[in-house]
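Peer 1: The residues making up each chain are set out below.
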Amino acid sequence: MPVFSGTDLTCLRGDRLVFTGLDFRVESGGALLLLGPNGSGKSSLLRVMAGLLRPFRGRLAWDDAASEDDDQHGGRIHYVGHLDAVKPVLTALENLSFWASLGGAADPAGAAMAALERLGVPHIAGVPGRYLSAGQKRRLTLARVLAAPAPLWLLDEPTVALDRAAVRLLEGILAEHRAGGGMVALSTHADIALPGAAELHLDHFAPATGDDVDLDSDANGDGEAAA
Amino acid sequence: MPVFSGTDLTCLRGDRLVFTGLDFRVESGGALLLLGPNGSGKSSLLRVMAGLLRPFRGRLAWDDAASEDDDQHGGRIHYVGHLDAVKPVLTALENLSFWASLGGAADPAGAAMAALERLGVPHIAGVPGRYLSAGQKRRLTLARVLAAPAPLWLLDEPTVALDRAAVRLLEGILAEHRAGGGMVALSTHADIALPGAAELHLDHFAPATGDDVDLDSDANGDGEAAA
Amino acid sequence: MKGFLRLVARDLRLALRQGSDATIAVMFFVLCVVLFPFGVGPEANILARIAAGVIWVAALLASLLSLERLFLTDYEDGSLELLALSRIPMEAVVLAKTLAHWLVTGVPLIVAAPILALLLNMEAAGFGVLVLALAIGTPALSLIGSIGAALTLGARRGGVLLSLLILPLYIPVLIFGAGAIDAALNALSPRPHLLLLAGLLAAALPLAPLAGAAALRQALE
Amino acid sequence: MKGFLRLVARDLRLALRQGSDATIAVMFFVLCVVLFPFGVGPEANILARIAAGVIWVAALLASLLSLERLFLTDYEDGSLELLALSRIPMEAVVLAKTLAHWLVTGVPLIVAAPILALLLNMEAAGFGVLVLALAIGTPALSLIGSIGAALTLGARRGGVLLSLLILPLYIPVLIFGAGAIDAALNALSPRPHLLLLAGLLAAALPLAPLAGAAALRQALE
Amino acid sequence: MAEFFAMGGYAWYVWPSYGIAAAVLIGLLVASVRGLRGQETTLKALEGARPRRRPRANTGNGTGDAAGRPAAGVEG
Amino acid sequence: MPKTVGSPISSASRPSGSSRLDRTVMHRFANPARFLRLSAAILPWSAGATVVLLIVGLYLSLFGSPPDYQQGDTVRIMYIHVPAAWMSLFVYTNMAIAAAVGLVWKHPLADLFAKAAAPVGAGFTAVCLITGSLWGAPMWGTWWVWDARLTSVLILFFLYLGYMALVNAFDSPERGIKAGNVLLLVGIVNVPIIKFSVDWWNTLHQPSSVIRMGGPTIDSTMLWPLLVMALAFTTYFVSVVLLRVKAEILARRIQTLRLSEAQG
Ligand code: HEM
Ligand SMILES: Nc1ncnc2c1ncn2[C@@H]1O[C@H](COP(=O)(O)OP(=O)(O)OP(=O)(O)O)[C@@H](O)[C@H]1O
Ligand SMILES: Nc1ncnc2c1ncn2[C@@H]1O[C@H](COP(=O)(O)OP(=O)(O)OP(=O)(O)O)[C@@H](O)[C@H]1O
Ligand SMILES: [Mg+2]
Ligand SMILES: [Mg+2]
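Protein chains in written order, with the UniProt record's numbering: chain F, 1 to 227; chain A, 1 to 227; chain Y, 1 to 221; chain G, 1 to 221; chain B, 1 to 76; chain C, 1 to 264.
With the rest of the complex left out, here is chain F (with noise of 0.2 Å):
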């Protein structure tokens, strides 16, 4: 039963910090639910998470053994940030069967084809990436997460551009990827049925006021600098 922890994080961006101090865990079938208001730092953590940031301090560990410098974690993980990595003049089945291939799905288009089933849109199939309305590219943004497998999704406010009949199926990817032992990290403004979810607040990680302005302060007064 794989485990995912991360202790005592603080991420710092552009010379601020975001978060500090802060711990999480997953375990195997488990979702954690990233909220807090904007510039809290959900991406942050996420893409922490994900491993395309560094965190400034703190460590992130797979089963106890630390997953930076880990070649391996890529594979582990599915990530879907704001962006949708979808090429205008691939079809929809084109964009998707490539990420499946490249994350090892025995048969990529097979895969891809049941992705979209699943995500409710299996006619945008043949449609080249540039006809898609908003939604639509977010569901094939989010097919990518079935085409491969992956133990752990990392989600970054998934819900957004969705209408209510896709939320509610996203909901069930969940709970099906869950229930077969997978784990989820989301981040969302918006309402999502997650049961069971750990909560985290990341505006109680932001580091206090007083912080910042004693920061400010010492490293001005007598021209210490730059936090």
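The hints are simulated quantities; they were obtained by calculation from the structure and are not laboratory data.
Any given hint could turn out to be false.
What the hints assert, rightly or not - Label pairs and their calculated CB-CB ranges:
1) G:Leu188 / Y:Ala202: 48 to 58 Å
2) A:Ala190 / C:Leu43: 50 to 60 Å
3) C:Trp45 / B:Thr41: 43 to 53 Å
4) A:Arg25 / F:Gly172: 32 to 42 Å
5) F:Leu83 / C:Pro44: 45 to 55 Å
6) A:Leu83 / F:Arg164: 54 to 64 Å
7) Y:Val131 / G:Leu188: 46 to 56 Å
To be verified - Covered stretches of chain Y, as calculated for chain G (at least 3 residues, CB under 8 Å):
8) 29-35
9) 92-103
All values derive from a computational prediction rather than experimental measurement.
Quick reminder that beta carbons are idealized off the backbone N, C-alpha and C, glycines included.
The hints should help you fit chains A, Y, G, B and C with the ligands onto chain F, whose structure is shown.
Peer 2: Quick look at chains A, Y, G, B and C with the ligands alone, frame taken from chain F:
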């Protein structure tokens, strides 16, 4: 009392019929809520209303005078799409004042500052665009509609990236605008209170499947598209 | 008119705020000229013979490359849509952005040209005409190039290709520009060449904004 | 290895689907060379004298121009992030994309070069060496350029900036490439030049993917 | 003295050399010092503004402002 | 403050929490406080040394040394030209070393150093080029020749400019510095290649007899002003770079403040 209306509108995008036979009418103080599943044509209709997209058939009228080919139309509307038009090197205030001045505000800087205050973000006035978080950028974009006067607001999913407090603010602003005789047309998948708004379900105007196959078959074999 | 000036001012401010941006076109110009001695060899007399042509070709290319982005950022971040909906006519938008762009990138080219002429051992007799010809020619290049920049936005696929189709339109500017200098170097009057160059500019001034505006409208559909 | 080939195949398909992209580099190459008779004047002996240099400079510029977008679209639409998370090492990603790019843009240059040499009245003795030198040199240009393309991701004014960074690094390729042809035209052996060119390619083959991958990783932070 | 300034007939080459070198070095120095001064004053201004801003930010929080943090508190 | 409720740091005790934070963040800047103290101590000395050395150097080069028997008084250009040439190479090498340190050990002061030194190095290179040209006009009868050495200095100048353009081309300064570091390392690998290829290219076409750098063996009356001026340039470089690094550190602080302002 101005009236903005469209009759028998048909929209064709990339050889595909998106909606057809659509009528709408917004009066002074009125609001139009565009609903419908992904790909049903909400964004397309808003671009048609703004005059950015030419309808394939049908006409738009402002006070019974055709508004296409009308140079004045741009001056009567504020359009907020998915793109934010925020320059990273200009401060929030500079960004906003520029649009305010083009929109004909008497005192661009003053109007811009007031708009930022109304949206609850006066403290970002001096901050360059590149440092703004997603939500702050969205608020800055929405502030544009307040910084210069225009009777008709066209908002495409304005609540995306906003947290709940900001959605409440926006509802208040919309109510005020309508109370002053303004008109609003907006699309959304999320909940937003727009009392007395006429709802327009775009999926009701989707071309019948039969039509679709006719149009589609020559382009695409039998893989009919259209959500 | 007020809107026009505001737009010019904004574009200038954007260019200057971004610091190095303004210098990069001129750097490309310089580098492009400097490549020739490596390709052609360092003999001074050969270099002097081709100096005028090389400098003009480099100016063409620098102008072409820097114009590529003339409307691009405004298009990508949605500003262009808003400008299209504003009270300023699209033709004035094209003209304002082209003017700002020329001030920021064209003028430095003119300043740098004599130094490059020196590097290529051009005779001193050609320097004055070189500067004059560039001063008339580069605005024409910017105007013609703005059409290409607008077309690039419109046609997603053939975009860059279309902008290459602008290069043939640059050829008259090149011929008269280089011709003026050659005339001066051969102790002939560069006047007719310069007049023709000015004629090209006068023609481009109304036509390019018209064509550019049409292309932009298409891009926004 | 399978991933590497899949990536090459995808990039080739994208390039061919986009049709014009593949032809842009070669179009620019041709136009750039064709501009010279207009700038320098039509004397056959002058043109023949500078032909090798002009063709090489044009090849450099064409390579630069097309390299600008090597990683750009993948970066902007998030594909690059996903590639970084995939099982393929980043160095292999750089190499695969550069290879696909060279197949699509470099090879047409090599084919077009003799025709342009004919246009510029180059002597027939240089043709074979010209093709050979380009065949060794253009992959080196693509590799070196890929570093610049990776470095300028996310920068303002990517295109012209790229040329500023990379043109100085291209100079050795230019010197030996043009030198080989000049040697052949002057009845000397082009062999040492070609060997040095091959040496540059051999050095770039491991180093460029390393530096490029380092730059890409930073771009994704 | 005039002879010294004539530099053996090479005045037009020697003095510009010294002049340009001086101009470049002094220019760099002045630019650097001014840059530093500029940063120092900006920093002073920013830090001067902070104490004023902080109370404002707090009242903002009270009324459920803006930057969104309080809203998320409600959410949680 | 409502914000701090539930924050693990602030719930402990704010002073200690903030000082802990303080230290972690400071570490990233290798304690600029120490650097700033050090630089404040060095700066008066280096600035003073620059002034003294320049006075002595200028006196020696303008009055204290004889005209060359061949080149006449133009030889006085040498006392600017040669030290500037040395500095142009010296500064670039230092920047490349700093880039390696910045990339490998992630030492932030090394990053700032390269960025701060670049304009100074470019300035020295420009001085070398311009004074060389001014020397060439009377000596060779032309302002510029595509000689191997001249050409490689020109390319070095472009490498400087490319680095500066790259560093400033990003919205986020750290990104610019990191990209610049990679470029500096690629550039330093390339410098010997350029040098070698340019040498070879040039000798193919142009016999080196026309342009000989060496000239007469250097007499001690010429060597002294040369060395003093070179030393003066070095101390000048140290002083200006210290100023510029400090300005960079302050710029970071300003950015941080702006950001926290953005956060509200
Ligand atoms: C733009 C033109 C020139 C450039 C870029 C240039 C560049 C250089 C460089 C890089 C060095 C330092 C070499 C080293 O120490 O490794 C140097 C040294 C020197 N240059 Fe120049 N130079 C130029 C013109 C001239 C001219 C016209 C003369 C005199 C006729 C000249 C005379 C010298 C001398 C005497 C040295 C000292 C040589 C030594 O250290 O042995 N340079 N130059
Ligand atoms: N590339 C970047 N460089 C510097 N700072 C950044 C960058 N991206 C984000 N930030 C800053 O980091 C903080 C956290 O950003 P992040 O995107 O993680 O927030 P979020 O919780 O996902 O917000 P949202 O709800 O808007 O998506 C913000 O203050 C933001 O301004
Ligand atoms: N530029 C385009 N070219 C061709 N077809 C397009 C283009 N943009 C959208 N379409 C198609 O037009 C239809 C309507 O798209 P539109 O963006 O208006 O939908 P929407 O209602 O806004 O959907 P969403 O809720 O997903 O934003 C979709 O089927 C889409 O595939
Ligand atoms: Mg986010
Ligand atoms: Mg939409």
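Peer 1: For each hint, tell me whether it holds in the structure or not.
Peer 2: A quick look at each hint next to the structure:
1. G:Leu188 / Y:Ala202: 48 to 58 Å: holds, 52 Å
2. A:Ala190 / C:Leu43: 50 to 60 Å: holds, 58 Å
3. C:Trp45 / B:Thr41: 43 to 53 Å: violated, 27 Å
4. A:Arg25 / F:Gly172: 32 to 42 Å: holds, 39 Å
5. F:Leu83 / C:Pro44: 45 to 55 Å: About 52 Å separates the Cβ atoms of Leu83 (chain F) and Pro44 (chain C), which means 45 to 55 Å holds.
6. A:Leu83 / F:Arg164: 54 to 64 Å: Distance hint for Leu83 (chain A), Arg164 (chain F) is violated at roughly 25 Å.
7. Y:Val131 / G:Leu188: 46 to 56 Å: Because 41 Å falls outside the window, the suggested range is violated.
8. 29-35: holds (count 3)
9. 92-103: Per the Cβ count (0), the hint is violated.
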